[in-house]
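Peer 1: Here is what each chain is made of, one letter per residue.
Protein chains: 2
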Amino acid sequence: MTDYRRLRVALLGAGAVGSQVAALLLRHEDELADRAGARLELAGIAVRDVDAQRDVDLPRELFTTDAESLIVGSDIVIELQGGIEPARTRILQAINSGADIVTANKALLATHGTEIFDAADQVGAQVYYEAAAAAAIPIIRPLRDSLAGDRVQRIIGIVNGTTNYILDRMDTEGAELADVLAEAQRLGYAEADPTADVEGYDAAQKAALLASLAFHTAVPLEAVHREGILGIDRAMMDAARHAGYVIKLLAVCERLSGASDVSASGEAISVRVYPALIARTHPMANVRGVNNAVFVQAEAAGDLMFYGAGAGGVQTASAVLGDVVSAARRHIAGGVGVGESTRANLPVLPIGRVVTSYQITLEVDDLPGVLAAVAGILSEGRVSIATLEQTLAPGDGARARLVIGTHKALEQDLSETVDRLAESDVVERVVSVMRVEGD
Amino acid sequence: MTDYRRLRVALLGAGAVGSQVAALLLRHEDELADRAGARLELAGIAVRDVDAQRDVDLPRELFTTDAESLIVGSDIVIELQGGIEPARTRILQAINSGADIVTANKALLATHGTEIFDAADQVGAQVYYEAAAAAAIPIIRPLRDSLAGDRVQRIIGIVNGTTNYILDRMDTEGAELADVLAEAQRLGYAEADPTADVEGYDAAQKAALLASLAFHTAVPLEAVHREGILGIDRAMMDAARHAGYVIKLLAVCERLSGASDVSASGEAISVRVYPALIARTHPMANVRGVNNAVFVQAEAAGDLMFYGAGAGGVQTASAVLGDVVSAARRHIAGGVGVGESTRANLPVLPIGRVVTSYQITLEVDDLPGVLAAVAGILSEGRVSIATLEQTLAPGDGARARLVIGTHKALEQDLSETVDRLAESDVVERVVSVMRVEGD
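From first to last, the protein sequence lines stand for chains A and B. Numbering-wise (UniProt numbering), the first sequence opens with residue 1 and increments by one. Numbering-wise (UniProt numbering), the second sequence opens with residue 1 and increments by one.
These are computed hints drawn from the structure, not numbers from a lab. C-beta: ideal position from N, C-alpha, C; glycine also.
If you only want the chain A side, here are some residues facing chain B, beta carbon under 8 Å, derived:
1) 34
2) 35
3) 130
4) 138
5) 141
6) 147
7) 303
8) 304
9) 322
10) 335
11) 337
12) 341
13) 343
14) 344
A short list of chain A residues far from chain B (calculated; beta carbon distances all over 10 Å):
15) 55
16) 57
17) 63
18) 97
19) 122
20) 194
21) 226
22) 234
23) 376
24) 380
25) 390
The whole structure should be built from the sequences, with the hints applied where relevant.
Peer 2: Listed below in C-alpha cells is the structure:
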C-alpha cells in the first residue's frame, strides 16, 4: 500500500446524496487513494440532527452538528446541505480557510455564484460543481474545459427529471398532469411541495449555470426567463403528438447576433426555460422518464449530446466524488485554482427578443372569411404562416379549430399578434401558444 | 483589452485538423485570451513541405520545416502530425523543454503512452488528448475526471466513423460492403488504404485509451482483441435485422470479476473491438453515419451516453483547442501536471475469457434428428440455447438454416463448440457466429 499524503475531507449534509458520498468515500478508500494520489480522510459529517434516520448506515462518531469546527483545517469541503444559508456562509468560511469546495448546490451557485467564485479566486481555491447540473451526467467539464476553445451556439437541455417524468407519462399514457404529479409524489419522484420542479425554478438555476459556462458570462438567475409546466394539459399533448411533436420542459441557452444596441459585437445571449414542442425525430424527444440530456451545438464541434440519470442520491454522489478526486489531484499538483471564465460578459436579452417558431391553436367561428381575417392579423404582426390545419372544434359544430405553425418570428411580435387575435371578433378563444425548439 | 501574459504555442502538422486549429487560434485570438487568461501566440507551424496545398489559407510566414527549433521555448506544443515518428521524438523533446502537450495522436498514445506520460510526470508537464478518441465528443475528461470517483463497469463505443458509415449504409440500403467502401473512398469518408479503419486498428487504439482511463490501468495496444468488419456481408445484415439487431463495430471495455487466478481481488478487464449484434432498441443502435457515441455504465452513475461527430477536421480542432485553453489555464495557475491514474493495474484477460451471448447461424441437412444433434453439441460445450429459429436455406430445399441465440457463455467454450459443430456430420456449414452486446 503506497504511503499517500492524507487530505482532510469535511462533508456538510447527509441527505440522499451526502449519505451516499460518505458511504462511497469509506467503501472505496484505498481505490480512491490510488486514483487521487492522496488518501481522502473523511474527517466528519456536519448535520442538523445527529440522530436522524439516514439512507445509509454510517459510523455514528463521524456525525457532528458543529460544521464550523469541522471545516477548520480541512483540505476539501463537500457542501451538500442545499439552500442558500447556512451553505453560503460555510462555503465562504471553507474557502477562506484554504479548502477547495465541492458542491451540488445549484440554487446557491445560480444566486451567489459570483461572490463564491470571487472569494475562491482571491485565495486561489477551486470550486467544483459537476453535480449541480444534470446530476451524474458529465456536462460541467465538457462545457468548461473540452469546449473552451469552441463557440457554443445553443444548448437545449432536459435538466429536470421530475417534470420530464410527468410530461413523458402524459404523452405515453394520455394522463392528466394532476394525476401524474400525484403519483410521482407517491413514488418519490416529486417533492411534497413540487413548486421548484413544476414551476421551472430548478431548471432555471441549471440553465443559468450552463449558460454561464457555455458563454463565458456570469448569468444571473433573474435574467433567465422561466415558465413552468402547470398549464400543459392532455389536449395540448394530443395536439403536439398529432403534429409530430412532443412537449418537453426545455432549458434553452442561445447565442444571438444582431443585438448591436446592447453590445459592441452585436452578440448577446438568451437563457430561458419553458415547455416547448420538439420534433419527435429530434434526439431530445426520446429522453424518457426521469432521465436528463443536454444537447449542445457548437461552431466547430457540431452537435453533441450528453445523456444519463438526472437525479438520484447515488448517481449524484458519482459526480460529487469525481470532483473530490479532482480536488485532491489539484492539491497534490499545487498551483492556484482556475477561476470561472466570465470575461465575454455578453448581455442577456429579454424573452421578447428571442426568435423561435410557434404553434398557435385558435378556436374560431366556422364562417367564410375567418381564415382570411386571421391570416391578415398574423401578416400585420410580422408573423408568417408555415402550416395551417383546420378541424372541427371538439363538441361544437359551429366552431372550427385552427392549428397554425409559424415560421420563425420575434417573440415580441408573436406576443402582440396573439393579443390582437384574442381581441379579434372572429377568434373565439386562443387555445394555446407553444414555442417550437430544435429545428 | 486586458494585458494578458503571452504563451508561445507551437503547432506540429497542418493537415485537416492542424490547419483548422491554426485558423481558429488566429481568428479567435482575443476571445481565447479572455477564456484562457493568457494570450495564445501561434509561434509557427512545423510541416514537411511549406508549399503544400492546405485546407485553409494561413499566413505563409508561420510555416517552417524545422520542428525542433520551433519547439524550443514553447509553452504549449500541439502535435497533430500523427504516426509514431517523428511525433514521439518531438513530444519527448517538448516535454523535456518544459512545454505542455496537446495531441490527437491515438496511435502514438496507445503504443508509447506510458513512455510519454512518465516523461511528463518527471518534469511536471501535462499531456492533453481529448481529440484522440471520438474527435469532438468530450469523453476523455468525463472518464478521467468526472467519473474518477466512480467504478466504470463497461464502455461500449462506436469510435470509428468510417466503419459506422459503411455498416449503416449496408443496413439501411441492403448494399454490399465492397460497394459502400468504394463510395466512402470517393466521398472522402474512407482512406485510399482503408486498413486502419476496416480492420479495427483505429478503434483498437481508441479502446486502449478509453480502457486505460476508465479502469486506471495502462492498457497496452497488444492486449486489445481486434476483429475488423470485412467479413460482414449483406446476408448477415439481413439476418441481424430479422432478429431485431443491427451490426455495429463496437469497442467494448469491461470490468470482469472472478479472475482470482490473475489478480488478488479477482478483478480483471477485457478490451475488445469487433463487429457485434446490438438490439435496435439500444441507444447505440441509432448512431448513424459517420457519428460516434460512447455508452458508459458505472456503478454509481448508472448509464451515460456521449454522442457527436467522430471525425472531421474542424470538429477535431474543437477538442484540440479545448485542450490548448486548458493547458494555458494550467500554465497560469501554476503547479505540476496531474499524471495518468494507472495504479489499479488490472490484468487484461484474453478474449477466450470474455462472457457474452452469441448468435450462431448454421446450415444443416433438413432431416429428423439434426436439431437434437446440434442441441447436444451445444449442451456438451456448456453453451445454452436461448432462442432457435429454423428456416429453409436459400436456394436449396434439402437444407435448413438454424439461427441459434445463446445465453451468456464463455468465449472459449463457444469457440470450441463452434469448432465441434463445424466438424459434425449434421452441420453442412457454419454460416456466421456473431457476439451480442448491450443486453
